[in-house]
Structure formats: C-alpha cells, structure tokens
Amino acid sequence: MKTFFNLIFFLLSLSTHANLNIVTTATDYADIARQIGGDKVDVHSVMKGPENVHNVMAKPTEMVFLNKADLFVHSGLDTEPWRDNLLRGARNPRVNFGTPGWVDMSNGIELKEVPTGRVGRDQGDIHSYGNPHYTLNPQIAQRMAVTLVKAMMNADPANADLYKENAKKFVLSMADLSKELKEKFKPYAGLKVVTFHKAWEYFADAVPIDVAGTIEEKVGITPNAAYVKQVIDMMKQQGVKVVICETYDDDKLAQYVADQAGAKMITLPDHVLGVPEAKTYQDLFRYDVDKLIETAKAAGVQPKDQ
Amino acid sequence: MRKIIGLLAISFTFWSASNALAQTTNPDKRLDELEKRMTESEARHQAELKARDERISKLEDEIRQKAITPKPTKEDIDKVTGDILKDIDSRTTIAPTLRVPASFNPDFAVVGDYHASLSTNNQNPARNRFDIGSVELDLRAAVDPRADGVVILPISRDVSDPLFFRGKADADGNIDTNIDVEEAYIFLHDFGVPNLTAKLGRFHLRFGRQNILHSHDWPTVDNSFVNQSFLGSESLNDSGLSLSYIIPPNLVAGQYIEAIVEVISGEGNNEDGPVLNNSAFVDSPALNAHLLWNHDITRDWNLEIGGSFLTGKRNDDNRQNANLYGADVTLIHTDPSGRFNNQLFQAEAIYGDIDTSRTDTQHGFGAYLLAQQQLNHDLYFGCRLDWTKNALDDRQEVWGVSPYISWYWSEFLRFRLEYQHKGGDVKEEDTLFFQCTFIYGAHPPHPYWALR
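Protein chains in written order, with the working numbering: chain A, 1 to 306; chain B, 1 to 452.
Isolated chain A (complex conformation):
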C-alpha cells in the first residue's frame, strides 16, 4: 500500500514539474529559448528551417502545440502572414495579443528600411513595418534574448534565476561571436555581394559585406528578364563576385546571374536549421561566414593585407 501511495505521489510530482511550453514561429527564436531555458522548457518551432518564413504552412497539427503553449514567440511584424490563422485555430487565450504569453521579439529593435510616405502593393510584397529579417545579427540576438528572458521569467518565476543566468551567458556568447565574425571576415571586409532577397541587410552590420543589389527587383516578386540583365550588368561594372541565394529562393536563377556576371553563387541559410549544420545561432553565423569566405576565395577575390 505504501508503495502504491509513493507511486501516486511520484506521478503527481511529475505532473507539477511540467516544463514551460514555448512555441515559436521561427527556428531562431526556438534556439534562443532552448539556450536560455535548458531542460526547463519544451520548445517547438512552427518553421522547420530551410523554408521561407513568409510562406510557412500553418497546419492544424501546429495548433496542437500552440494550444498548450505558455509563450508564443514571434517576429511581431508582418514576417509571418500565417500567424493569425495559427493563433485563431489554436484557441489558447494565454498567448493572444496583449497577454504576457504574446512575445514580440521586435521590441527594442531599430528596423531598417521602414517605409516612409505612401506604401502600396506596387512596391511588391512590401513589409509595412520595415525589413523584418532582423534575426541575422548576433547583436540583435542579444536584444531578443532580453525580451524573451523577461517573458520566461514572468511565466515561470520558479526558474527565473536560471533563465537570467543562461540569458547572460547567451548575451556574452553573442558578443564573443560578433567579435569573432568581424575578425574572421577582416581580410574580405567590404566584399561586394548580390543577394536574391533583401534578407541580409542586418547581417551586413555584423559581417562587413557590401550588398550591391538584389536579384528580386521588388520584394517577393520574381524579377523579369530585363531587370535580371540590369543586375548582371551592374555586377560586371562593380566587380561583384559573389551571389547569395537563400535556401528557399530560386537557386537556378541565382546561378544563372552568377554565371553571366562571372561570379560564384552560394546558397546560405538565413535561419537556424536552414541547413543541417546550422544547429544553433552560433553555428548559423559561423557556417555563413565560412561559406562566404570559401566562395570569395573560389571567385578569385583577393584578401586584404591585415
């Protein structure tokens, strides 16, 4: 009988030690949450990594995870147009807009390319808040860690000290990473690149590349042949030797542009798990920088004297 009560007590104690449930839209937020929460959190990302964050399929099975979530972590911008469908389907009032469970990671982040004046669809799939690809910068990740750790501490005060300590470690590791990337990329500082999508503007603040142009003329719209020719001509004129294509964009077109301009094309992930090697935030940046340097070398870009 005593064993039976012990078993019941054990099972009850298990149920009272449920982890903090965190659902994120993107893999980047999921990785930060895991690094801060450790084994005290269960984290699920709706996005899996390689896909375009704007076109993620918000299936009902994702709603199962959000239904029991304590925190819903997202970009706060119009990056995830599918977010509202997911939220409405999940029926979890704890994570609705305006609740502590609604975690807007754009808080405190200065956005680039905020539209001024008239905004319309003639500008393509324009982001009305500004460029939303802010996750591609370790220093911005530091700010995101603050937003997330505050929400985690509020939702799970029992583990607040652990979260705080881990958040500090994450912030320091991002500082180290920023310095490491700058140092590593020094010989290629100012490397001119053309990207497919306007996803690398924040990255260019952390790793000194010069984004000379994009293959997409208007955001999210497949370019026409005349514009592609303009990009190729511009690359020839400016001596651009590297084309970056995101994992989800048209690599055949990117390859064509690179071939015509005498450049090299590289497919790079812009999110954690965009490629299997980019398992963490730190891995993502190291992977991208290593591949960029490799590609620059292969394209015959001479390193600068140090």
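No wet-lab data here; the hints were simulated from the structure.
Treat the hints with care, since some could be wrong.
Said to hold, decoys possible - Heads up, simulated DSSO-like pairs for lysine-lysine below, C-alpha to C-alpha not over 30 Å straight-line:
| id | chain 1 | residue 1 | chain 2 | residue 2 |
| --- | --- | --- | --- | --- |
| 1 | A | Lys169 | B | Lys168 |
| 2 | B | Lys86 | A | Lys184 |
| 3 | A | Lys68 | A | Lys182 |
| 4 | B | Lys79 | A | Lys164 |
| 5 | B | Lys427 | B | Lys168 |
| 6 | B | Lys427 | A | Lys112 |
| 7 | A | Lys304 | B | Lys58 |
| 8 | A | Lys229 | A | Lys184 |
| 9 | B | Lys168 | A | Lys182 |
| 10 | B | Lys79 | A | Lys112 |
| 11 | A | Lys182 | B | Lys427 |
| 12 | A | Lys179 | A | Lys168 |
| 13 | B | Lys74 | A | Lys304 |
| 14 | A | Lys169 | A | Lys184 |
| 15 | A | Lys179 | B | Lys58 |
| 16 | B | Lys74 | A | Lys186 |
| 17 | B | Lys79 | A | Lys279 |
| 18 | B | Lys79 | A | Lys198 |
| 19 | A | Lys192 | B | Lys58 |
| 20 | A | Lys164 | A | Lys218 |
| 21 | A | Lys169 | A | Lys186 |
| 22 | B | Lys168 | A | Lys40 |
| 23 | B | Lys86 | A | Lys112 |
| 24 | A | Lys192 | A | Lys169 |
| 25 | B | Lys74 | A | Lys112 |
| 26 | A | Lys186 | B | Lys427 |
| 27 | A | Lys279 | A | Lys297 |
| 28 | A | Lys169 | A | Lys229 |
| 29 | A | Lys279 | B | Lys74 |
| 30 | A | Lys186 | A | Lys198 |
| 31 | A | Lys179 | A | Lys192 |
| 32 | A | Lys198 | B | Lys168 |
| 33 | A | Lys236 | A | Lys40 |
| 34 | A | Lys169 | A | Lys179 |
| 35 | A | Lys229 | A | Lys279 |
| 36 | B | Lys86 | A | Lys168 |
| 37 | A | Lys291 | A | Lys182 |
| 38 | A | Lys229 | A | Lys252 |
Every value quoted in this text rests on a predicted model; they were computed, and no experiment measured them.
With chain A held as given, fit chain B onto it using these hints.
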C-alpha cells in the same frame, strides 16, 4: 569773321573727332575689363564646382565606407553587451515598440475574378463569353477582445450555368447582376470555454473541405461537380450558429481532432440550393456536423481526414427530408528543402438521401479527386477528376477531366488556364477556361493547404 567761323569749325571738328576717338577707346577697355572679370568669375566658379565635386565624392566615399565597414566597433559591442546585461538585471519590463499608429477601421479587401471561356458547347449561354464574374468586398476586424466581425459581399454578374446542361431550355442566358451577403458573422474566439469557438450569422457550412472556401481560393476555375450537384454552384451557405471544438490534445494522444456542429435555418442558398432550399422559419432547422482529424505522418507529409453529415427539410415541406453524408481526405507533401516543390492530393465524396417528393427519394453519389504539383514559387500544375450523380435525379450522371495551370504573377495576382472535358448525361463539351484573380487591400492568409 570768316576766319573766326573757320577756326570754330576746325575746333568743333577736332573736338568731335577726339571725342569720337575717346569713345571708341573706352568701350574696348570696358570690354577688356568685363572679359577679365568674367574669366575670373568662371575660374572662381570652376574652382567652386571642383571643390563641390570633391566634397560630394568624399561624402559618397564616407557613405560607402559606412556601408561596408561594420558599424559596431569592439568597444561598441562591449558597451551594448554591458547595457543588455544591465537590462536583464533590471526589474523594468520592456515597453513595446509601437510600429504603426492605431487604427480602428476594418481590414478591407477587394477580390476581382475575371472569367473567359472558349467552348465547343455553343448552346450554353455561360460558355464562349468573357466577363468579370464577381467582385467581392471582404471586411473584417476585431469587434472586441473576444470577437471578430467578418462580412463578405460579392457583387456578381451571373449567367445560369447548370451542371446538367442538355440544351437551351436548361439556361435562359440572362445576366443576373446582384449583390449578395455571402457571409456575415461574428466569430467568438474566446468566450471562456477552452477550445470552443463559435460563429453566429451567415457563413459557409463546414461540409467537406472545399465548401468553406470562397471561389477565388479554389485550386480550379470552377467548383467540383459533386459540390455543384449536392451543395450549390459555388458553395452552401446558411444562417445560424456554428460551434467548433478542438478535443484537448492531451486526451487524444496529442492528435488534432476538431468537431463542428452547426444549427442553421435550412434555407440554404435560396433558389441556387439543390438540396437545402427550405424556408428560414424556426420550425424547420437543419443540422450540419463535421469531424476532422489532422496528422503529421512524417515531418513533411500531412494527412487530414474528415467526415460530414447534413440533415434538413426540403421545399417548405416539413415532410420531405434531405440527408447528406460526406467524406474528405487531404494529403500534402511539403518540400523539405523549402523550395516550393510541394504536392497536394485531395478527394471528397458525398452520398445523399434526398426526398424529391413525398414518395420519391433520390440516392445520389459523387466524388472528385484532385492532384496538384507546385513547380516553383509561382507555378502550379494540377488535374481534377469528377464524377457525380444528379443529387435530385439519380438516373443522371456527369463526369469531367480538368487539367489546369496556375501562375501567380505576385501574391495577389493570379492567372489560370484550365481545360475541361465534360461528358455523361449532359451535352458533351470541351472548354478552355481562363481566369484572372486579383486582390487588393488587406486580405487574410489563404488556407494552409492552398500551398500559398
């Protein structure tokens, strides 16, 4: 005297000449001075331009330097890191960043749907014509923290296009321009009962998979034959209450199971409703139920299976019944590389027990199968196979093959070309459809399986 006059004349002549000479000398001098001043001015101007060019060039260099030089120095990184560490220790919460001014206007979108067709069926007035089929006004907004309002008002130019068209007698060819209330409901998403939501008003019935879609969200130009036969040319809408409940996942091993129960007037779509076209009186309500299970077979394969049941009265005769039974399956494969090579397979079947008089009951059946391949970000290719009995006369049947290609020029502008061969107990026809769908305004996201 003559001498005096002569002297005066000589003096005058001399004065005049000297004066004239002086006059010719001074302009040259002035011109020289002017030229000198102009030369100096031009030199000064050139120098200024040169200085300005140098300054512009310098500024351009600075801007370029700014762009290519990493903004934060190591000291900056340490400073920001220090500030952030302080933020973590601080007790203050982070104020949300206001991105746009608040607005209480509803999201407003206009959906235009342009149709054209070229067909071997010259008798059907709905073929071999081009027109703007409908313009839909879509308004939606939060009513309060617990409820959203949705109103869909299509303005359509319809020409009757019966599925079982056999001759001119089946369609009059009149263009019927009208504005309709396709949907108008309040959506209660948080009224205190966990996992339960409700719609109150007029809405698309949750019968099967495609009936809940607006026509511009269909993967094909026209509605599936089975839905046209049993539910209506576009969709079955009605007024009433719709309750949707997700069974708590922890009770069903983490599965997504949704149950929908709808109590509706039974009026259907008035004269367009083949099955439900009763009065809207409370003595003859209809009941619709839908149960669906959605499951990830693997990370990239998703399966949805649904079952539907609709029961109601017909033709203002509370002694004639209509019972519909539906089944639907949707299978999606998402491209694991993230590059849009997605596949969709969808099938729906409906069986009906429909009283067409107090003594006759029709036992109709029909189904469709749809397969679609997304070729890249913008292009989709698919084919729909249809076969169905006439819901109101089970001796008649129609079948069709409809391959199509859809091209999204952008997110909100789509062109579609569809070929359709139609046969069975109808006038056989081969038709080429063209469709252009455009949306402007704040349109909500498409359903997840539209792969868009």
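Status of each hint after checking the structure:
no.: 1; hint: Lys169(A) with Lys168(B); verdict: 78 Å, violated
no.: 2; hint: Lys86(B) with Lys184(A); verdict: 29 Å, holds
no.: 3; hint: Lys68(A) with Lys182(A); verdict: 41 Å, violated
no.: 4; hint: Lys79(B) with Lys164(A); verdict: 19 Å, holds
no.: 5; hint: Lys427(B) with Lys168(B); verdict: 10 Å, holds
no.: 6; hint: Lys427(B) with Lys112(A); verdict: 60 Å, violated
no.: 7; hint: Lys304(A) with Lys58(B); verdict: 22 Å, holds
no.: 8; hint: Lys229(A) with Lys184(A); verdict: 33 Å, violated
no.: 9; hint: Lys168(B) with Lys182(A); verdict: 77 Å, violated
no.: 10; hint: Lys79(B) with Lys112(A); verdict: 22 Å, holds
no.: 11; hint: Lys182(A) with Lys427(B); verdict: 73 Å, violated
no.: 12; hint: Lys179(A) with Lys168(A); verdict: 17 Å, holds
no.: 13; hint: Lys74(B) with Lys304(A); verdict: 20 Å, holds
no.: 14; hint: Lys169(A) with Lys184(A); verdict: 22 Å, holds
no.: 15; hint: Lys179(A) with Lys58(B); verdict: 29 Å, holds
no.: 16; hint: Lys74(B) with Lys186(A); verdict: 13 Å, holds
no.: 17; hint: Lys79(B) with Lys279(A); verdict: 28 Å, holds
no.: 18; hint: Lys79(B) with Lys198(A); verdict: 29 Å, holds
no.: 19; hint: Lys192(A) with Lys58(B); verdict: 20 Å, holds
no.: 20; hint: Lys164(A) with Lys218(A); verdict: 42 Å, violated
no.: 21; hint: Lys169(A) with Lys186(A); verdict: 26 Å, holds
no.: 22; hint: Lys168(B) with Lys40(A); verdict: 72 Å, violated
no.: 23; hint: Lys86(B) with Lys112(A); verdict: 25 Å, holds
no.: 24; hint: Lys192(A) with Lys169(A); verdict: 33 Å, violated
no.: 25; hint: Lys74(B) with Lys112(A); verdict: 22 Å, holds
no.: 26; hint: Lys186(A) with Lys427(B); verdict: 74 Å, violated
no.: 27; hint: Lys279(A) with Lys297(A); verdict: 25 Å, holds
no.: 28; hint: Lys169(A) with Lys229(A); verdict: 47 Å, violated
no.: 29; hint: Lys279(A) with Lys74(B); verdict: 26 Å, holds
no.: 30; hint: Lys186(A) with Lys198(A); verdict: 23 Å, holds
no.: 31; hint: Lys179(A) with Lys192(A); verdict: 21 Å, holds
no.: 32; hint: Lys198(A) with Lys168(B); verdict: 56 Å, violated
no.: 33; hint: Lys236(A) with Lys40(A); verdict: 53 Å, violated
no.: 34; hint: Lys169(A) with Lys179(A); verdict: 16 Å, holds
no.: 35; hint: Lys229(A) with Lys279(A); verdict: 37 Å, violated
no.: 36; hint: Lys86(B) with Lys168(A); verdict: 10 Å, holds
no.: 37; hint: Lys291(A) with Lys182(A); verdict: 15 Å, holds
no.: 38; hint: Lys229(A) with Lys252(A); verdict: 15 Å, holds
In summary, the structure is inconsistent with hints 1, 3, 6, 8, 9, 11, 20, 22, 24, 26, 28, 32, 33 and 35 from the numbered list given earlier, while agreeing with the others.
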